[in-house]
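Colleague: Listed below are the residues making up each chain.
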Amino acid sequence: MSEQKQGKTFQVNKTYAEINARIRAGEAVVVTADEMVDIVRQEGPVEAARRVDVVTTGTFSVMCSSGMFFNFGQTNPTIKGQKVWVNKVSAYAGLAAVDAYIGVTEPSENDPLNQVYPGEFRYGGGHVIEDLVAGKKVLLEVKAYPTDCYANTKMHKEVTLADLPYALLCNPRNGYQNYNCAVNLSDRIVYTYMGTLKPNCRNANYCSAGQLSPLLNDPLYRTIGIGTRIFLGGGVGYVTFQGTQHNPAAPRGDNGVPIRPAGTMMVQGDLKKMSPEWLRGVSLQGYGCSLAVGLGVPIPILNEEMAQFTGISDEEIFTHVVDYGYDYTNGVARTYGKVSYAQLRSGEIEVAGKKVPTAPLSSLTGARKIAETLKSWIQQGKFHLGEPVDYFPTADFSFDKPEPQE
Amino acid sequence: MTKIFLLSYPKENSSQPVICQLVKHYDVEFNILKAEILPQRDGYLILEMKGLKENINSALEYLRSLGVKAERIAGRVHRDEKKCFQCGACTGICPVGALHIQQPEMTVVFEPEKCTACGLCVTGCPVRAMAVSFDPATEESCVMA
Ligand code: SF4
Ligand code: SF4
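If you read the protein sequences in the order shown, they are chains A and B.
At the far end of the first sequence sits residue 406, using the working numbering, and the numbering has no gaps.
At the far end of the second sequence sits residue 551, using the working numbering, and the numbering has no gaps.
Treat the hints as calculated values from the structure; they're not laboratory data.
Since the structure is predicted, the reported quantities are computational estimates derived from the model, not experimental observations.
Honestly, I wouldn't trust all of these hints.
[To be verified] Think about it this way: if two alpha-carbon atoms lie no more than 30 Å apart in a straight line, the pair counts; the simulated DSBU-like pairs of lysine-lysine are:
{"hint": "1", "chain 1": "B", "residue 1": "488", "chain 2": "A", "residue 2": "272"}
{"hint": "2", "chain 1": "B", "residue 1": "520", "chain 2": "A", "residue 2": "354"}
{"hint": "3", "chain 1": "A", "residue 1": "273", "chain 2": "B", "residue 2": "488"}
{"hint": "4", "chain 1": "B", "residue 1": "520", "chain 2": "A", "residue 2": "198"}
{"hint": "5", "chain 1": "B", "residue 1": "417", "chain 2": "A", "residue 2": "198"}
Chain A on its own, in the form it takes in the complex (with noise of 0.2 Å):
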């Protein structure tokens, strides 16, 4: 893996106790990814190096890869839970005696799932979620073996989030850099985890914050590691690890950003500080269930190629159409062109010549909102940059190799 520091000397170099001072001072420039696109246009990197400390980004979408790790407190006599429901979704329960975890896209037990085709998953882990950062009372039932130490075998209790002694949102992967735009080019309808797409390449749909999203803005993680401190659903988390499926190998573009599914992160942070209005329980149609999760990372501008990266634009990011009406589900590797995220907006793009409409599934105005509030929290010096001790697998990547980007 190549080395983050790859001794490049720079125009403009600060570090993050520098910023954090200006943080603390109230000084620091704050701006979000939406405005450093136009900040980074007439200014140049380099000037919008000296004038912006930190860019704000957000993204609030379907993140499956999310979960609750929960310890729910003894009871009398004491208990080790090997079976543990929440609202019926069951959680796992191999872990410590009153630990468990508790994935988003765990259907709740007498979920019909897709046997009534499309199933409407109407309940399920990401509702448990969002019932509890709601402060609805929530049923937790255990069963259990009994032993010398723990001799109970069941419990049946209504519970808050206040009740439970600790309760982390714990997601292995959040906030994929960059995704497939999808398409459905058999001749019936498909739901997926991409939506609903109707059959014959009628809609297109795809699912990401473009240049607001937190990895679109550093896509060689040369910031966001382990450690950066984060929004998260509300409240404030960490990135404690590149998440799984993360794939910094993926094809780049010339400034450096994928335009396939590339890296993610692994997010952690105290639920009982979060609020329902960023974690959402969804239920996808014929599908099943899971969390929206609002994110946003602060992206310090330690130098004009921070202010490169976050000054990248929809137009400059790009994604693959790919077909989930077959292509997907049978492992076939084939796209069906190139669009840039400034297209999807656009509400059509070209797909085998032919005009297609097009839908986001990620909620831009919340990514915007996310944006605004790391924004204003930083101004406020609520909120301090976390220095990555660690950083994620990256690719070697630089803006001067050959020629500059364009």
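The hints should help you fit chain B with the ligands onto chain A, whose structure is shown.
Modeller: Positioned in the frame of chain A, the structure of chain B with the ligands alone reads:
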């Protein structure tokens, strides 16, 4: 103007050729979007009417005189603004563009006037923010607005 109505017929009237009468006597264009007329049950019809306001109004008067209840469908479809998180998934599902993206803000707009109460968005919305309170099975208990 174009308006979409939900017509509900009492049992006794279901078989009357009401629509034919409308076309004959009032200068209004019709488009039947959905019809459900079950034997021994009240009948329902979702009807788009296109024409001058006066003509639509007199057509409605006539319908009411026959005991047919008519109400704007817009009142029967509702988006829970608190639930909606503006993802946009419904904009790819709605066949008539009643749910659509407003450029350049990228906000998801709901225009009840265009809605035909097809119900596709109800299960298509991941957070169930859309509700169509038109269900023939329970219609009898509904109070007409
Ligand atoms: S699918 Fe539901 S949540 Fe998403 S924009 Fe439409 S109404 Fe709102
Ligand atoms: S019910 Fe929903 S999908 Fe159908 S027309 Fe109305 S808004 Fe569109």
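Colleague: It remains to establish, for every hint, whether it holds in the given structure.
Modeller: Consistency of the hints with the structure:
1. B:488 to A:272: holds, 21 Å
2. B:520 to A:354: holds, 26 Å
3. A:273 to B:488: holds, 20 Å
4. B:520 to A:198: Satisfied, since the Cα-Cα distance of roughly 21 Å is no more than 30 Å.
5. B:417 to A:198: This hinted pair is violated, its Cα atoms lying about 38 Å apart.
Of the numbered hints stated above, the single one contradicted by the structure is hint 5.
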